[in-house]
Amino acid sequence: MPDSILVVGESSDFFEATKEALSKGRLANPVVGVEDASLAEHYIHGLAPFSDRRHHPLPAIIVVVADGDPTDAIRLLRTVRSHLVLRTVPFVVCARDLPEHESTALQTNGASAVISADIAAEVLLDIIRDANTPWFVTRRGGTA
Amino acid sequence: MTGSLPLAPAWTSTHDLVYRLGVFVRRHTDLDSGVVVLGVNLSNTADITEVYGSAGVQRVLETLAKRAVSTYLPVEVLQSSPTGGLLLAVAVDNQLHRTQVSMVTGRMRGLVDCGGVEVWPVLSSGGHLCAPGTPMETALREANATAAQAAQVPGTTSLHRSGPAYTVQQRLEFVRELAGAITSRPDELTLAYQPVRDLRSNAIIGAEALLRWQHPHFHSVSPLHVIQTAENHGLMLGLGQRVLENAIVQAGIFTEGLRHHFRMHVNVSPMELREPTYVDRLQALLEIAHLPADHLTLEITERALLSEDPTVQESIRELTEMGVGLALDDFGTGYASIHHLRTLPFETVKVDRSVIAGVAHSGADFRVARSVFGLIDAIGLTAVAEGIEDAATAQHLQTMGYRFAQGYHLGRPMEADAFATELKRNGSHLRSA
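Residue numbers (the numbering used here), protein chains in the order written: chain A, 238 to 381; chain B, 22 to 454.
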């Protein structure tokens with residue numbers, strides 16, 4: 238199974254919008270959603286309920302929604318950046334109402350991009366393209 | 022109904038002009054109606070005169086006058102000028118005056134028979150809606166001033182309801198003071214320097230020199246107004262020389278002991294490039310200041326870069342050969358095409374704030390700005406984003422690939438001493454102060 242795109246955040250609307258946007262862009266990687274940073278860490282470390290890597294592959298891209306408080310996002314970012322395999326994976330933070338110093342902290346800790354959550358679904362595909370992430374394509378056309 | 026004569030005498034005295042306008046205004050002004058004094062310039066008079074003589078111009082003006090008075094609106098032809106102009110009085114509905122004036126000027130446009138051959142008259146119009154109680158002399162003066170402004174953009178119509186910011190007397194005074202500042206009171210004209218930064222490292226990699234004029238009477242004058250006045254009144258060469266001198270000397274001071282490459286950006290008017298001695302004078306200034314040519318970037322608008330004037334093209338070629346950097350300014354506001362981006366001799370493109378302002382709030386704006394960057398990058402040029410006013414915009418631009426930028430968020434324009442301090446604070450020097 239190809240690498241996943243891990244979306245972290247409790248908003249189901251954001252998850253669905255992101256999934257649809259990536260699908261329209263013919264990005265065929267499976268999009269996986271988890272509600273918070275703790276579950277994301279379980280996913281990254283292969284802990285239950287994500288222990289079967291055949292069904293829960295490591296992510297090629299991580300997208301985190303941070304509303305106001307980026308503490309959990311920074312913690313997850315540090316986890317990812319210290320992971321032997323995932324340390325270079327694109328980590329995109331979609332934020333609302335984030336003070337400048339918090340955005341700076343995210344970038345200092347290695348976030349690939351900090352963008353407004355209001356436009357994230359529209360522009361995420363462009364950001365992923367710019368992240369030099371290898372593409373995955375299917376033999377057949379249409380949405381994944 | 023129409024005016025008394027299709028074409029008024031060319032040499033109408035001012036007294037007669039004021040009288041006739043006064044009669045027309047009294048006849049057609051009430052609570053809902055007014056009069057627009059409209060100056061119409063024939064922009065291609067010189068070409069028509071060269072081929073068909075003054076008789077050809079006269080024929081064109083007569084045709085235009087007949088067309089003007091053929092509309093349903095009352096129109097009086099107050100004066101015609103052998104140099105290619107008409108002065109009209111148009112009775113209008115106050116609420117509809119713009120539409121009605123457009124109708125009159127639209128009716129005037131069209132091919133004109135110039136003795137068996139047709140010519141296209143290029144018309145520029147400027148008008149002034151007379152407010153109740155406006156002295157006729159003032160109305161005539163303001164209409165002429167508006168028409169003169171409109172003549173700078175051939176083929177357009179400009180209309181003002183109220184008086185311009187300055188009366189004619191004030192404009193004369195302004196020009197006199199500006200000329201004095203340039204020639205004998207140089208301390209009034211100063212430069213402020215706005216940092217250009219590397220978004221990745223926050224390092225200051227350059228500065229744009231921005232003109233400031235602090236006048237005891239006019240106080241802080243808009244740089245745009247200063248430049249426009251200088252260009253319109255033959256002062257641009259002197260002003261440009263003073264700006265260039267100060268910027269180059271200051272660049273020499275800023276770059277002393279600097280660890281990395283630094284560029285001083287200076288705005289250049291097309292008028293300066295048209296001056297045959299411009300490049301030689303610039304070279305002399307660089308030598309006096311011991312500043313390598315590649316520490317200077319001249320910011321040039323699309324209008325100048327697209328000029329077909331051979332002197333301008335020669336100046337640009339010589340500057341490029343000398344090693345001076347050239348930047349296309351305000352990209353996104355004009356008509357530069359992909360062809361121009363690929364063929365014109367500049368290395369930097371300054372992307373206008375209008376392109377990048379909404380990148381953090383609109384997916385469409387984000388994609389447009391990203392596409393602009395992609396285009397500039399694909400051609401091998403360097404993009405500098407202008408007008409960054411907040412952290413979110415800077416972050417989004419950096420995300421999509423922009424590396425260099427300037428704007429209030431990255432540093433406001435500041436005096437030379439403050440800029441030098443900021444450079445040192447930025448960690449750009451070998452030794453601290």
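I should point out that these hints are in silico values taken from the structure, not numbers from a laboratory.
Do not rely on the hints blindly, as some may be mistaken.
To be clear about the criterion: a stretch of chain B counts as covered by chain A if any three or more of its residues have a C-beta under 8 Å from a C-beta of chain A, and this derived list gives those stretches [as the list claims (entries may be wrong)]:
(1) 380 to 394
(2) 438 to 444
Sample of chain B residues facing chain A (criterion: CB under 8 Å; computed from the structure) [as the list claims (entries may be wrong)]:
(3) Gln262
(4) Gly408
(5) Ala412
(6) His417
Since we're looking at a predicted model, the values are computed, not measured.
Every residue gets a Cβ at the ideal spot worked out from N, C-alpha and C, and that includes glycine.
Each hint tested on the structure:
Only when three residues or more bring their CB closer than 8 Å to a CB of chain A does the claim for the segment 380 to 394 of chain B stand; here the count is 8, and the claim holds. With 0 residues having a Cβ less than 8 Å from any Cβ of chain A, the segment 438 to 444 of chain B misses the three-residue criterion, and the hint is violated. Interface restraint check: Gln262/B against chain A, minimum CB-CB distance 41 Å, threshold 8 Å, status violated. A distance limit of 8 Å between C-beta atoms decides the matter here; for Gly408/B the minimum to chain A is near 18 Å, and the interface restraint is violated.
Below 8 Å, beta-carbon pairs count as interface contacts, and Ala412/B has one with chain A at about 4 Å; its hint therefore holds. The beta carbon of His417/B comes within 6 Å of a beta carbon in chain A, closer than 8 Å, and the hint placing it at the interface holds.
Of the numbered hints listed earlier, those contradicted by the structure are 2, 3, 4.
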